[in-house]
Amino acid sequence: MIKIKVSLLDDLYKKIAETYPLYLPVEVAGEVNYGKYNSDSKVRLDVLKTVKSPKDAFFPQSENLVKFKVDGQKIEVIDVREEAKPFVVMGVRACDYKAFDVLDRVFLVDPLDTYYQTKREAGIVITAACGRPDETCFCTVFGIDPTDPKGDVTTWLVDGYLYWRANTAKGEELTKAVSSLAEETDGKAVDKQKEEVKKILKKLPNADIKPEVFDENMLDLFHDKKWQKLSEACLGCGTCTFVCPTCQCFDIKEFITNDGVNRFRCWDSCMYKDFTKTAGGQPRPTQMQRFRQRFMHKLVYYPKNNGGLYSCVGCGRCVKKCPQHLNIVKVIKAFGGDDNE
Amino acid sequence: MQKIEELMYKRASEMLESGEVDRVIAWKKGETCYDVSPATFTKDNLEGFVYDAFCGANLSKYLVEESKKGGKILVFLKPCDTYSFNQLLSEHRIKRENVYVIGIECQGKIDANKLQKKGIDGILSVEEKGDKLTVKTLYGDKEIAFEEALSVKCETCKSKEFAVSDETIVLNEMRDNREKRFEAVERLEKMTEEERYAFWQAELSKCIRCNACRNVCPACTCTHCVFDNDKSGIAGKANADSFEEKLFHIIRSYHVAGRCTDCGECSRVCPQNIPLHLINRKYIKDMNEFYGEYQAGAAVTALNPIVDFTKEDVEAATVVGGKK
Amino acid sequence: MQRIGVFICHCGSNIAATVDVERVTEALAKEPGVVYAVNYQYMCSENGQQLIKNAIAEHRLTGIVVCSCSPRMHEATFRKTAEAAGLNAYMVEIANIREQCSWIHKDIEEATEKAIVLARTAVAKILLDKPLTAGETGVTKRALVIGGGIAGIQAALDIADAGYEVDIVEKRPTIGGRMAQLDKTFPTLDCSACILTPKMVDCAQSDKINIFSYSEVEEVKGFVGNFDVKIRKKARHVDETKCTGCGVCMASCPSKKGLNEFNMNLNNRPAIYIPFAQAIPNVAIIDPEQCLKLKSDKCGLCQRKCGVGAIDYKQEDSFVERKYGAIVVATGFRPIKLDNFNEFGYADNKDVVTSLELERLMNAAGPTKGTLLRPSDGKHPKVITFIQCVGSRDVSGCGKPYCSKICCMYTAKHAMLIREKYPDTEVHVFYIDIRTPGKNYDEFYRRAVEQYGVDYIKGMVGKVYNENGKLMVQGSDLLDNKQIVIPSDLVVLATAIEPDPSVRDIATKLTISIDTNDFLTEAHAKLRPVESPTAGVFLAGVCQGPKDVPETVSQASACASKVIGLLAKDKLKGNPCVSHVDENMCTGCSQCEQVCPYGAITYIDKEFRIGGGKTETRRVASVNPAVCQGCGACTVTCPSGAMDLYGFSSAQILKEVEAICKR
Amino acid sequence: MQEITTTHKPLIVAFCCNWCSYAGADLAGSSRLSYPAEVKIIRVPCSCRVNPIFVLKAFQRGADGVILCGCHPGDCHYSTGNYHTRRRMALMFSMLNYFGIEKERTRIEWVSAAEGAKFSQVMNDFAKTINELGENRRLEDLRCKK
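Protein chains in written order, with the working numbering: chain D, 1 to 341; chain G, 1 to 324; chain R, 1 to 663; chain P, 1 to 146.
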């Protein structure tokens, strides 16, 4: 393990950015989201939760798939896929890192999503351990240890230093590139922080919820009367979906440019009333049905298809961001997954 | 505030009990202090009924669907919400005869997000003590002035009057910060074009097109929004280019111009805290300056300035100064 | 899939000299959707049109784009060409490559490129064109005239003369209007009654004209050619069909305190009365405010005296519903109230009168039987002062900002008549300006000054006050630059006129607009001055703006000719480029209704399927294509985009924008 | 980033109402009063048919300036259409400027059917202004640029 002085972080970013495009939490207009590093970037490694998760790095909110160049009555098809060059995503929290796992099981199985695959393979992930969990956090519910995330490199921000541990060959290579800024360390400070954080984790108000209640009979859950009440305030916006690190639905759209057509995909939300709308209409015409779909997918359908892996990682973004404060915690608790009762 | 909640609870249960109303639309307690949700309550179930400083949501939009369902509804509206209600009435979106409105006192609502911006994280509970808030957190107790935690929409509260109500529950004099209403817009107006461009470019670059601003807006009640309609030519689901966000927010605010009551819900719900109300408020300020003071929702019968005109209206060139 | 033909016109050398038509043809032939492109010397010529027709048949074209002169020139021509070849007339778009291209650009390269863009834009538009058919509606061959003054009478007579039925709705008990109250008319000084009453009688006797007196328009529905109007016949408590107008009831009535409206309230009349001797219909009416029987059930004398049993105390308002093809609004005017003009002492001095009151004081049928006596003591006034522009051209806000137009002339008339009949009377006129344009008008005014010695004083009056029984008129004489006071016996105020207040209600019912002064707005101030913006509704007389009798009659006749032109048609063909609503998207918010200048939009409650076997009733807009003129105001107002315009749809305009911006 | 090698050729979209301004443009044409070819006219029945969306779309697709022409207030063929236009566009243009879009890029002019000379002069003047401002960058959509 090595450590780098916080005062040298700017040099660190620059160093990495010399070789790789670097994506990390940056503040723009008061909010922290993942963004591409440049010398003007206001990097905020200290911030626990970016508004949007880092899934954009592999599965961008909108992404061109193919271009059609139109000249008179001639149409030329242009593949826009480029050979992916390695890039670095830095500051990924344990929950968000786990979310990549969830996404992989969607995009990297048959039919293989080459757009995702190329980026996933080219991406070098530097995770960041959590030093100050928030009341909305509940990753531990899903067996995630926020104090020691995986990834190509793991980092901890402790007492004026960024502690750095390479986990993979890719990580080792990156470590070499930045070693001039680092000093060796035994990592005791990291262990101390881990202990402290673990104490806090026990106190988290949502740490005891039990998603296992959703392992019960699927049809019973589906037809449960509680959904109506739970969803009644839902506005049908896409906030929960778009801040969620595991949501993977997208729509394919076309944009007419001045010389042809761009076919692109963009995130879609199962909360939208035009989600999967076809000529025959909407399969889920009411907001209750759409609301139910989202949580049934996260807690029932996905785990059933993926060996019990929930497609929720407990990042708590929806808890924080839902305009009317409806969220997965309330849903789990409503179905009895509340240990306090 | 607790006293108010008691009185509201009492009226709600009385009216449900007597059969005067069939349902009550109010706020429901959440898991933590701030995650209060709008909810409907019925005779047998008033559990979780709450009214405190976190009940910021404007309930009037829910009546569009609820008032169609039949039966009588009791709704609690804060002064600013009553304007939305009135505006919806004038657009024939709510069946007035099905709704009983109780106007309730509001001293401004607080925003948990703002606490976090002030460095208060890990919030467990919030307690009001005079004009101070005591916040219990995972990392110890913190104190903050109530004023500093005020939700953006309440910083410049436009009214302490109820535009409509069947009865009111008000115990204390309410605050009214309307003189500050246009300050932020004015600050932007004073900037150079370049600065304003940079400001909005940065703000809107955060937009994730989640449509929360649209879906919460009491003026956005279209059956089928142009932004969801592929035939409209402007349908878009993604922030595919920085132009998209400008188009979305300019047109969205234009579509509610003259109908927007300045309830501030758009800014409250924005997950990226984009000051969307400053767009709507610019239209309001312009309309006031160009065509005379107008407050949407103040009266049901009023003609909204964007469908109205006078022969002597100012020219665009005069007010915008586009001609060199 | 559309098959578009593009036809590029050389217009001799008008286009071909600056635009390389061959290149345009080549470029357009490659456009998606285009299956044929050709250029020709003169597309609008017989041969050119034949070329288009042949191409439509040969290439099975679904639409044509003609690149030629302005659509304002030959769009109609090419629509006919297309129609003759079996295409829908609206599957035609014109690219204006002459006026907006070849004629204004010199550089061939530049002009050719622009011509290609313009043609491509027209192709983009036509690809979204749909065949349109103009709707047809029948025409009810009957007209309604609202208001029975000289404007309404003239319009009715002219329409009836052409053989169409006309109904006059008059809110007062008799037709005749303001003109019936006048004594003499300028500039010829003939007796008003002598020229008006024959026309009134003509109305009564015409088998085409039906008079609803003491009636009001209650409700108007429908549109041009097909108005459904509900008329309220107010209870007059006298059976019109029985009353002979003998007048016995009037003599017997014990309640004689009613104010005589016809005489501007200068004297009294009984509770049962006929407004004036030549009233049409010549039928009595009971004033319920004055009638003892109706008020307290204590009389019933008239019923007993009436030889034909016409009196019916129990009569109630009744309604008539009729269909009309056209409506003429002729609601007339009234003098303004003088509450804001205390300085002239009108309220406090009986001898300060308005000009219309003076008309009655000078009229042989008036309260003084035609002898000019002052109201206060019945003596002959020796000094009479006229004050002009009372409430007219007043920008202070107390009166009206406009010129009432008739006052200069009638004041000259009054002054002249008084000097003629009573040469020993001194007559002064305070004026701001004298405005007497019109045939023989200025000559008329000069006669007053030069021949009749009327003392015209340029200046405004500051105050009229009573001093020892004399009315002291204090004003300025601007020509002599001094303040003067004229002790007078009678003061006459040339009071401004305003539209009759009933016009507001009528305007709302007919969805026609009124201006800030409550005058009705014409469809075009210069070119369509007798039409309202609502098709089938026409304007006559002062309701549209101040005017005198000859002007009113002219406008009424103009209205009548418009109405006759309309009623002569068996079918009305609409403009198919009208608004239409997508009911699935409409929220019924009412904004479109508020911007529609024609009242073409109404709302209906309609049931919709919402899935799951359920339905819901929603309020949605409904456009009447016969009324809509296709401006498109509603399409922009509609936030959900439910409103669109045939021929200029939003999608089409967006495609045009796209095509123009391609480079 | 693509380098711009050629000088930018400006583009102006002009919406003209059928009854006054389009006829004014025709008159300018028949009087041979020239104006730059970058001005391209779209015919609409009335200026009130112009949706603010059209204006934004024009900018998105690469227009450098947008001008609306209608009958003089009071002369609208549809009696009140241009009054609505005046309000809508005053508010819209003010909003665009609030977003930092150069105020000179949008304009409304009232041009009657008799004002061919005015039409040409207005277009010359507007084109000059737009040429000086250069390429529209603040309201561009990069997808529409080559």
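The hints are simulated quantities; they were obtained by calculation from the structure and are not laboratory data.
Be a bit skeptical, because a hint or two may be false.
Stretch by stretch, here's where chain G covers chain P in the computed footprint (C-beta under 8 Å, at least three residues) [said to hold, decoys possible]:
hint	region
1	12–21
2	44–57
3	91–99
4	105–111
5	130–143
Using N, Cα and C, we set each Cβ at its ideal position, and we do this for glycine too.
We went through each hint and held it up to the structure:
1. Counting residues of the region 12–21 of chain P whose C-beta sits closer than 8 Å to any C-beta of chain G gives 0, which falls short of three, so the coverage hint is violated.
2. With 4 residues bearing a CB less than 8 Å from a CB of chain G, the region 44–57 of chain P meets the requirement of three and the coverage assertion stands.
3. A stretch counts as covered by a chain when three or more of its residues have a beta carbon under 8 Å from one of that chain; for the region 91–99 of chain P and chain G the count is 9, and the coverage holds.
4. Given a C-beta distance limit of less than 8 Å, the hint that chain G covers the region 105–111 of chain P holds, as 4 residues qualify and 3 suffice.
5. With a threshold of 8 Å between beta carbons, the proposed coverage of the region 130–143 of chain P by chain G holds, since 6 of its residues qualify and at least three are required.
Violated hint: 1 only; the structure is consistent with all others.
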